[in-house]
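K.L.:
Sequence:
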Amino acid sequence: MSALANNYNRRKISFKSGKGSFLYSTNGKKYLDFVQGIAVNSLGHANPHLVKAINKQSKKLWHVSNAFIIPEGEKLAKRLTKKTFADSVIFQNSGAEATEAAIKIARRYFYSIGQSKKNRILCVKNSFHGRTLATIYASGSKKMTEGFGPKVDGFDHFEFGNHKALKKSITSRTAAIMVETVMGEGGIKVVPDWCLKGLRKICNKKKILLILDEVQCGIGRSGNFFAFETAKIKPDIVPIAKGIGGGFPIGAVLMSKKVAKGMVAGTHGSTFGGNPLAMSVGNAVLDQILKKGFLSNVKKMSDYFHTELGILKNEFPNIIKEVRGVGLLIGLQLHNDQAKFIQKLMKNNLLTIRAAENVIRILPPLNVKKQEINLAIKIIKKVCLNYK
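Residues 0 to 387 in numbering that gives the first Met the number 0 are what the sequence shown lists, from first letter to last.
Among the hints, a few may not be true.
Using 25 Å as the maximum straight-line C-alpha spacing, the simulated DSS-like pairs for lysine-lysine come out as follows [what the hints assert, rightly or not]:
{"hint": "1", "residue 1": "77", "residue 2": "256"}
{"hint": "2", "residue 1": "387", "residue 2": "320"}
{"hint": "3", "residue 1": "77", "residue 2": "51"}
{"hint": "4", "residue 1": "205", "residue 2": "257"}
{"hint": "5", "residue 1": "369", "residue 2": "18"}
{"hint": "6", "residue 1": "74", "residue 2": "257"}
{"hint": "7", "residue 1": "196", "residue 2": "81"}
{"hint": "8", "residue 1": "28", "residue 2": "380"}
{"hint": "9", "residue 1": "51", "residue 2": "74"}
{"hint": "10", "residue 1": "167", "residue 2": "141"}
{"hint": "11", "residue 1": "290", "residue 2": "77"}
{"hint": "12", "residue 1": "103", "residue 2": "257"}
{"hint": "13", "residue 1": "18", "residue 2": "290"}
{"hint": "14", "residue 1": "166", "residue 2": "116"}
I should point out that these hints are in silico values taken from the structure, not numbers from a laboratory.
Take these sequences, add in the hints, and give me the full structure.
P.N.:
So, in structure tokens, the structure goes:
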């Protein structure tokens, strides 16, 4: 009997090793892993460059307090700001911590300019921003908040795509609008570019902040470094995690110079956030993702995968309702509950994971090979042919 609590509904399988897109179970089976830790292992399992970076840094220094300058973190922050809209970075350990910090930064900014009553964040109902007390209430999900009262105040909500409700929900106390550029847990729903541009215009007009949560869709997952880049806008705050660590726990908040001014010494901290070992891994991930041609190859593989899935949708219209997503953040929406289909995929050695709205999330590593995509397509087609 496991000594672990039952807060996870774990599948009856465990793994002893992994390499690239594949996992090897303790009972000797080989699986094509298109979960990758839920979009975490951006470069697959046991990536040689990451292994080398961890080994090298582990022999020098693992952890020191943020009371001291950490050169590895300075380097990673500089690379992130050079590549993106941001002027400043605060490092964390996870996506939940990063979004929690983003909320604090937004509130603190208005406090610092003498508008402390502007402290409410407007979010999409049934979104996903993490599992802390604040972020579950930011998500506006009854299922996630049940049993965790009293309610954490400071959040208002509107339905995805309901622009009239969005505008009506903005009050004199609204500090920021926070949305996932691509809703992951919510069913791989992409916020279109015209909508992102509209959000930016609204925030400018109302003099409030725009927070784009790119914890799951950022760091190359969309085919661009950030998913919002195609809209050609600049957010004020962006929390990231998952892919930036390639499997090592790293989170961060990127922000403009304007909002960063409110985060003076003592306003926020993280014991482990930004330690030398984590920062070395983050730099190693960027070494690969920022290589010439890497992101263009993500787009190429993505286009191919989406095309092949589209063919399957047309071949099995009674099973597959829609192919969703962008880049290698892919959703396969079924007409019926997806749990049985996911189980059948696993029996055929393909690992996937669920999302809302009967969606199967497909999350290969960003360096996935064409033959691995072909294998996934073959397995999905086989399950479709035998699906009852």
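K.L.:
Hint by hint, note whether the structure agrees.
P.N.:
Tested hints:
The suggested pairing of residue 77 with residue 256 holds, with an alpha-carbon distance near 14 Å, which does not exceed 25 Å. Distance hint between residue 387 and residue 320 is fulfilled; the C-alpha atoms sit about 16 Å from each other, no more than 25 Å. Among the hinted pairs, residue 77 with residue 51 is consistent with the structure: their alpha-carbon atoms are about 22 Å apart, no more than 25 Å. This hinted pair checks out: residue 205 and residue 257 have alpha carbons roughly 16 Å apart, not beyond 25 Å.
A C-alpha spacing of about 16 Å is found between residue 369 and residue 18, which places the hinted pair at or below 25 Å, so the restraint holds. A C-alpha spacing of about 22 Å is found between residue 74 and residue 257, which places the hinted pair at or below 25 Å, so the restraint holds. Restraint check for residue 196 and residue 81: the C-alpha separation of about 23 Å stays at or below 25 Å, so the hint holds. Pair hint residue 28 plus residue 380 holds up; C-alpha atoms about 21 Å apart against a cutoff of 25 Å.
Of the supplied pair hints, the one linking residue 51 and residue 74 holds, its CA atoms being roughly 18 Å apart against a limit of 25 Å. With a CA separation close to 22 Å, the supplied pair residue 167 and residue 141 stays within the 25 Å bound. A distance of roughly 17 Å separates the Cα atoms of residue 290 and residue 77; the hinted pair therefore holds under the 25 Å criterion. Annotation: proposed proximity of residue 103 to residue 257 holds, straight-line Cα distance about 15 Å (limit 25 Å).
Distance hint between residue 18 and residue 290 is fulfilled; the C-alpha atoms sit about 21 Å from each other, no more than 25 Å. For the hint linking residue 166 to residue 116, the alpha-carbon distance of about 19 Å falls within 25 Å, and the restraint holds.
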